[in-house]
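For reference, the chains in residue letters:
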Amino acid sequence: MRNLLTGLSAIALVSTLGSAASAQEGKVLSLYNWGNYTSPELLAKFEAETGIKVTVTEYDSNDTALAKARAGGTGFDMVVPSANFMQIWIEEGLLLESRPDQMENFKNMDARWIDVSWDQGRHYSVPWQWGTIGPVVATEFYKGDINTHAIWLDPPEELEGKINVPPEKNDVMYAAIRYMGGEWCTGDKEFLKGVRDKLLDAKQHWLSMDYGIERMDSRDTLAQFYYNGAAFRAREVNPDIRYGYPKEGYSMFMDSVAILADAPHPENAKLFVNFIMAPENAALISNFATYSNGILGSEAFMRPDLKDAPELNTPAELVEFGGWQDVCPTEVDELYTSIWTDLMQ
Amino acid sequence: MADAAEVARRYQAAAARRRWILKAPALLTILLASFGPLAVMLVYSVMEKGNYGGVAFGQFSLDGWTAVFFKYDPFDETTSLVVANLTVFLRSIKLALVTTIAALLVGFPTAYFIATRPAESRSQWLLLITIPFWTNLLVRTFAIMGLLSNQGLVNNALIWSGVIDKPLQMLFTDGAVLAGLVYVYLPLMVLPVYASLERMDFRLVEAGYDLYATRWKVLRHIVIPSCKPGLIAGSILVFIPAIGAYVTPRILGGGKNMMMGNLIELQFGQGRNWPLGAALSITLLAIVTVALVVYIRNTAGKGGAHGH
Numbered sequence: 003m004r005n006l007l008t009g010l011s012a013i014a015l016v017s018t019l020g021s022a023a024s025a026q027e028g029k030v031l032s033l034y035n036w037g038n039y040t041s042p043e044l045l046a047k048f049e050a051e052t053g054i055k056v057t058v059t060e061y062d063s064n065d066t067a068l069a070k071a072r073a074g075g076t077g078f079d080m081v082v083p084s085a086n087f088m089q090i091w092i093e094e095g096l097l098l099e100s101r102p103d104q105m106e107n108f109k110n111m112d113a114r115w116i117d118v119s120w121d122q123g124r125h126y127s128v129p130w131q132w133g134t135i136g137p138v139v140a141t142e143f144y145k146g147d148i149n150t151h152a153i154w155l156d157p158p159e160e161l162e163g164k165i166n167v168p169p170e171k172n173d174v175m176y177a178a179i180r181y182m183g184g185e186w187c188t189g190d191k192e193f194l195k196g197v198r199d200k201l202l203d204a205k206q207h208w209l210s211m212d213y214g215i216e217r218m219d220s221r222d223t224l225a226q227f228y229y230n231g232a233a234f235r236a237r238e239v240n241p242d243i244r245y246g247y248p249k250e251g252y253s254m255f256m257d258s259v260a261i262l263a264d265a266p267h268p269e270n271a272k273l274f275v276n277f278i279m280a281p282e283n284a285a286l287i288s289n290f291a292t293y294s295n296g297i298l299g300s301e302a303f304m305r306p307d308l309k310d311a312p313e314l315n316t317p318a319e320l321v322e323f324g325g326w327q328d329v330c331p332t333e334v335d336e337l338y339t340s341i342w343t344d345l346m347q
Numbered sequence: 341m342a343d344a345a346e347v348a349r350r351y352q353a354a355a356a357r358r359r360w361i362l363k364a365p366a367l368l369t370i371l372l373a374s375f376g377p378l379a380v381m382l383v384y385s386v387m388e389k390g391n392y393g394g395v396a397f398g399q400f401s402l403d404g405w406t407a408v409f410f411k412y413d414p415f416d417e418t419t420s421l422v423v424a425n426l427t428v429f430l431r432s433i434k435l436a437l438v439t440t441i442a443a444l445l446v447g448f449p450t451a452y453f454i455a456t457r458p459a460e461s462r463s464q465w466l467l468l469i470t471i472p473f474w475t476n477l478l479v480r481t482f483a484i485m486g487l488l489s490n491q492g493l494v495n496n497a498l499i500w501s502g503v504i505d506k507p508l509q510m511l512f513t514d515g516a517v518l519a520g521l522v523y524v525y526l527p528l529m530v531l532p533v534y535a536s537l538e539r540m541d542f543r544l545v546e547a548g549y550d551l552y553a554t555r556w557k558v559l560r561h562i563v564i565p566s567c568k569p570g571l572i573a574g575s576i577l578v579f580i581p582a583i584g585a586y587v588t589p590r591i592l593g594g595g596k597n598m599m600m601g602n603l604i605e606l607q608f609g610q611g612r613n614w615p616l617g618a619a620l621s622i623t624l625l626a627i628v629t630v631a632l633v634v635y636i637r638n639t640a641g642k643g644g645a646h647g648h
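First to last, the sequence lines map onto chains W and P.
Heads up: take any position in the first sequence, counting from 1, add 2, and you land on my numbering.
Heads up: take any position in the second sequence, counting from 1, add 340, and you land on my numbering.
Keep in mind the hints are simulated off the structure, nothing from the lab.
Glycine included, every Cβ here is placed at the ideal spot set by N, Cα and C.
Hints may contain errors.
Calculated cross-link-like contacts (lysine to aspartate or glutamate; reagent style DMTMM-like; alpha-carbon spacing at most 25 Å) [as the list claims (entries may be wrong)]:
#1 P/506 x W/160
#2 W/272 x W/51
#3 W/200 x P/417
Chain P regions said to be covered by chain W (calculated; three or more residues, Cβ under 8 Å) [said to hold, decoys possible]:
#4 509-521
#5 595-601
Facing chain P, a subset of chain W residues (Cβ under 8 Å, in silico) [said to hold, decoys possible]:
#6 68
#7 72
#8 76
#9 344
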């Protein structure tokens with residue numbers, strides 16, 4: 003019995019300590035971000051300047067992050083949703099309207115990223131990184147045109163069984179629809195059936211459907227449909243790697259930092275949001291994860307090889323083929339989900 | 341004044357009460373930890389699915405269960421038996437069975453070897469078996485990835501020795517998943533088999549040889565029957581986690597050929613169909629239960645005569 007009492011009082015003590023700490027917000031902050039996306043140098047600098055220690059928890063897909071946040075009680079302060087999910091986060095009331103547009107460093111924001119469709123005027127979020135999604139190819143093995151989705155949707159013989167495609171519904175669906183000559187958010191069932199058949203047929207020639215570019219380093223894959231920043235990192239290992247901008251249409255993405263509505267440390271989080279809008283800090287984000295950020299003047303602090311990398315600088319003649327994944331109507335999204343689950347199984 | 345019977349009755353009632361109070365923590369734990377999650381899954385499986393995952397509470401629907409067996413095709417507007425789920429079920433069962441058999445083939449000789457060492461060195465051998473458990477499953481799985489990749493140790497060794505001249509694609513195949521599953525679950529086979537072999541009376545083996553039994557006969561009629569409980573326990577311990585494996589097929593299979601664990605995850609993730617995910621989980625549980633009952637009936641019934 004005495005042991006039980008000791009145990010109970012210990013629990014009581016621990017919980018009192020816990021609530022005392024949260025009452026004064028403490029010098030801590032919790033960031034829920036994509037895997038391999040957060041610069042440790044950035045966090046160290048933030049801690050040196052403010053004394054606030056940031057812990058990072060990682061996720062691998064928008065759906066995972068959304069499901070966790072909707073369940074509530076995560077203890078996370080900040081999250082980094084993609085543009086095509088931001089609207090859901092806002093509508094579901096998961097985000098705090100922290101008004102980054104009224105923060106001191108907002109003056110550094112590139113004007114092209116202010117009035118974006120997913121967060122008009124930037125009342126909730128600021129850009130973390132943005133990029134494009136296209137074919138990444140080892141040109142030692144493939145000599146053809148790289149500016150086409152045919153590399154992974156109608157793979158040439160030399161790439162068969164050596165292709166990886168990420169298990170990311172919207173990215174894959176967007177590319178396949180554009181490749182087949184359709185427009186994003188089309189609900190034309192006859193057309194979508196063709197898209198489904200194309201994807202199911204192409205899948206036979208893929209090796210895997212997974213995240214990560216590292217398998218290109220070991221030549222387990224010779225081509226991937228993947229993200230431009232990762233393509234840059236792959237080229238650092240194997241110099242023959244090239245990244246393409248398909249003429250059929252490719253999608254752009256942007257992940258933006260927002261503060262959660264139930265954040266335990268909202269004031270610390272606001273400091274962080276303002277912090278990353280300073281050019282020298284935004285550059286740290288890019289230097290680590292090798293994608294572009296949305297802050298003017300950050301180029302001056304970026305690694306020179308990254309700043310001028312072809313993966314991060316779309317050739318002028320191919321810019322027009324880039325597009326955004328707007329949120330499609332529910333009934334259209336259900337058709338896409340149906341194709342997607344068929345493909346994944 | 342209470343008579344003797346009354347005192348005895350009160351005493352018994354108090355004893356019964358005390359028994360219940362003492363039992364309560366265990367019962368509560370079992371109820372909460374075992375039936376609680378199951379009840380949640382059951383409730384989720386009969387709800388309407390939510391817009392972006394989750395369920396719409398209070399809206400009863402059997403769509404989740406229907407989708408386990410039938411698939412509505414929005415393009416043909418037809419409903420048909422769902423082949424995809426079945427393929428995944430069968431693949432999982434097949435892989436789990438092969439894993440169990442492979443673990444048995446490797447695990448039994450290993451356990452026999454340890455059981456026949458001098459008593460003082462056995463614990464060292466057992467320690468070697470349990471050491472991998474100290475490392476996280478994820479880390480061990482990634483280590484296998486390093487072995488099997490195109491420029492991994494196995495391919496490099498094969499190329500160096502001239503067996504092949506181009507790397508074999510081993511990673512992201514069913515073979516890689518199988519190798520990973522066997523490696524990860526092997527200790528679960530070795531330990532129970534060893535436990536029953538250790539208790540075996542090896543004088544019986546000597547007696548068998550004295551009576552001119554061949555090695556094979558000794559193995560079949562003496563060794564295997566006496567360690568049968570261990571073999572059964574080991575097979576169950578390997579089969580159950582193998583059929584629901586998630587991490588190993590995800591990492592070594594490359595996400596292209598799903599097992600049931602991955603199919604369930606898909607429904608809770610990008611499939612945004614939690615009721616179907618919950619229904620699939622319960623289906624998996626049912627498959628495991630049926631497999632277990634059949635297995636134990638078939639093996640324990642015959643092995644009973646040799647029991648201790």
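Outcome of the hint check:
Proximity of residue 506 of chain P to residue 160 of chain W is assessed by CA-CA distance (about 14 Å); at most 25 Å being required, the pair is judged to hold. A threshold of 25 Å between alpha carbons decides the hint, and for residue 272 of chain W with residue 51 of chain W the separation of about 14 Å falls inside it, so the pair holds. Using a Cα cut-off of 25 Å, the hinted pair residue 200 of chain W and residue 417 of chain P holds, with the two alpha carbons roughly 20 Å apart. Coverage of the region 509-521 of chain P by chain W holds in this model, with 3 residues showing a Cβ closer than 8 Å to a Cβ of that chain against a need of three.
Counting residues of the region 595-601 of chain P whose C-beta sits closer than 8 Å to any C-beta of chain W gives 3, which meets the bar of three, so the coverage hint holds. Because the beta carbon of residue 68 of chain W sits about 6 Å from the nearest beta carbon in chain P, less than 8 Å, this interface hint is met. The restraint placing residue 72 of chain W at the interface with chain P holds, with a minimum CB-CB distance near 6 Å, inside the 8 Å limit. Hint on residue 76 of chain W is violated. Least Cβ distance to chain P is approximately 15 Å, over the 8 Å limit.
Because the closest C-beta pair between residue 344 of chain W and chain P is about 7 Å apart, less than 8 Å, the hint holds.
The structure shown violates just one earlier hint, number 8.
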